[in-house]
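> Listed here are the chains, written in short residue letters.
2 protein chains.
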Amino acid sequence: MSLTPYTIEPIGFVRSKLTRPEAAPMQGDEGAPEAWLELTPLAAPGRMGITAGDELIVLTWLHLAQRDVLQVHPRGDHSRPLRGVFSTRSQDRPNPVGLHRVSVLEVMEKKLRVAPLEAIDGTPIVDIKPVLLRSDPSER
Amino acid sequence: MSLTPYTIEPIGFVRSKLTRPEAAPMQGDEGAPEAWLELTPLAAPGRMGITAGDELIVLTWLHLAQRDVLQVHPRGDHSRPLRGVFSTRSQDRPNPVGLHRVSVLEVMEKKLRVAPLEAIDGTPIVDIKPVLLRSDPSER
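Respectively, the protein sequence lines represent chains A and B.
If you read the first sequence in this note's numbering, its first letter stands for residue 1, the second for the next number, and so on.
If you read the second sequence in this note's numbering, its first letter stands for residue 141, the second for the next number, and so on.
It should be emphasised that the hints constitute simulated quantities derived from the structure, not laboratory data.
Quick caveat: nothing in here was measured; it's all calculated off a predicted structure.
Any given hint might turn out to be false.
[To be verified] Quick partial rundown of chain B residues pointing at chain A, CB under 8 Å, derived from the structure:
hint, residue
1, Arg229
2, Pro234
3, Leu239
[Unchecked claim] To list a few chain B residues with every Cβ distance to chain A over 10 Å, as calculated:
hint, residue
4, Arg160
5, Ala163
6, Glu178
7, His218
8, Lys251
9, Asp261
10, Asp267
[Claimed, not checked] With beta-carbon atoms standing in for the labels, derived distance ranges:
hint, chain 1, residue 1, chain 2, residue 2, range
11, A, Ser79, B, Asp217, 50 to 56 Å
12, B, Gln206, A, Pro41, 37 to 43 Å
13, B, Arg241, A, Arg20, 29 to 35 Å
14, B, Glu174, A, Arg101, 22 to 28 Å
15, B, Ser219, A, Leu42, 44 to 50 Å
16, A, Arg101, B, His213, 25 to 31 Å
Note that CB positions come from ideal geometry on N, CA and C, so glycine has one too.
In isolation and in its complexed conformation, chain A is listed as follows (with noise of 0.2 Å):
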């Protein structure tokens, strides 16, 4: 692929207990432990107004992935017939970008603890959004 590239700066990093990818659950509500989220000096000032009991969206970049697999056997089962990568969660994928939903347990000045969050120690964060309310449409 050699369009235009376009560069991500982590915004932070996980800080977990799980450090083994093989080890890590495949979904967060399969079993993931809580973690926090380091936010870089620069970017904390981004976490202002997020507290204790939020829902957020956590984007990771899904460092360990391989980036040149497009279809796969889901969930590394190969009985299961193979799938395109954008039809599955798996984390091979041309760019691996990890979606997490978590809720927020606690916010210090540069990092928010949250669970469950299935990404292992080190994995750095792209971006973190607010689960939209679509019953009101003002928080958004």
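Given chain A's structure and the hints, the job is docking chain B onto it.
Just chain B now, kept in the frame of chain A:
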């Protein structure tokens, strides 16, 4: 932010009748039209398994956004107090990745017709993921 950079290679581009950012709705459910997701030849095999009727999350790179903004007045309304961008859906943020929930209307070899999509024509596509059905973990 001087950390190691990560590079996005667009998997495709949005083709839409929306061409002016100021005419685009702020969210897909605020009157956004249908659009085509035109995949690059290299990325196109990744769409295998996507069919009309599927619900997808499209990740875009909001290429017109300002990346040096960390606090905003929500929805550009200066009567509302400043908030950190990570507690809003502002386009302006360090890594301007847009999240769009869409329905698939039609699938062709290298493109998908979807709705609603508030991204303007020419917006780079970062990734496409299925909406997770919490009631059916096997379909993730």
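> I want to verify a distance hint. Is the separation of the beta carbons of glutamate 174 (chain B) and arginine 101 (chain A) within 22 to 28 Å?
Since the Cβ atoms of glutamate 174 (chain B) and arginine 101 (chain A) sit about 27 Å apart, the hinted range of 22 to 28 Å holds.
> So, as I understand it, the hint says proline 234 (chain B) touches chain A; can you test that by seeing if any CB pair is closer than 8 Å?
holds, 5 Å
> Take a quick look at arginine 160 (chain B) and tell me if its Cβ sits farther than 10 Å from every Cβ on chain A, holds or violated.
holds, 21 Å
> In this structure, is the beta-carbon distance linking arginine 101 (chain A) and histidine 213 (chain B) contained in 25 to 31 Å?
26 Å Cβ-Cβ, so the 25 to 31 Å window holds.
> Taking C-beta pairs only, is alanine 163 (chain B) more than 10 Å away from all of chain A?
holds, 19 Å
> Note whether the CB distance of arginine 241 (chain B) and arginine 20 (chain A) lies within 29 to 35 Å or breaks it.
holds, 33 Å
> Okay, serine 219 (chain B) versus leucine 42 (chain A) on CB: inside 44 to 50 Å?
Between serine 219 (chain B) and leucine 42 (chain A), where Cβ atoms are some 28 Å apart, the hint is violated.
> Would histidine 218 (chain B) pass as off the interface with chain A, using Cβ distances and a cut of 10 Å?
holds, 15 Å
> Is the Cβ of glutamate 178 (chain B) more than 10 Å away from each Cβ in chain A?
holds, 12 Å
> Look at the Cβ atoms of serine 79 (chain A) and aspartate 217 (chain B) and judge whether their distance stays inside 50 to 56 Å.
Given range 50 to 56 Å: holds, Cβ gap about 54 Å.
> Over 10 Å to the closest beta carbon of chain A is the bar; see if lysine 251 (chain B) clears it.
holds, 12 Å
> Tell me if leucine 239 (chain B) is really an interface residue toward chain A, meaning its C-beta lies closer than 8 Å to one of theirs.
OK, holds: leucine 239 (chain B) within 8 Å of chain A, min 7 Å.
Checked against the numbered hints given earlier, the structure breaks hints 10, 12, 15 and satisfies all the rest.
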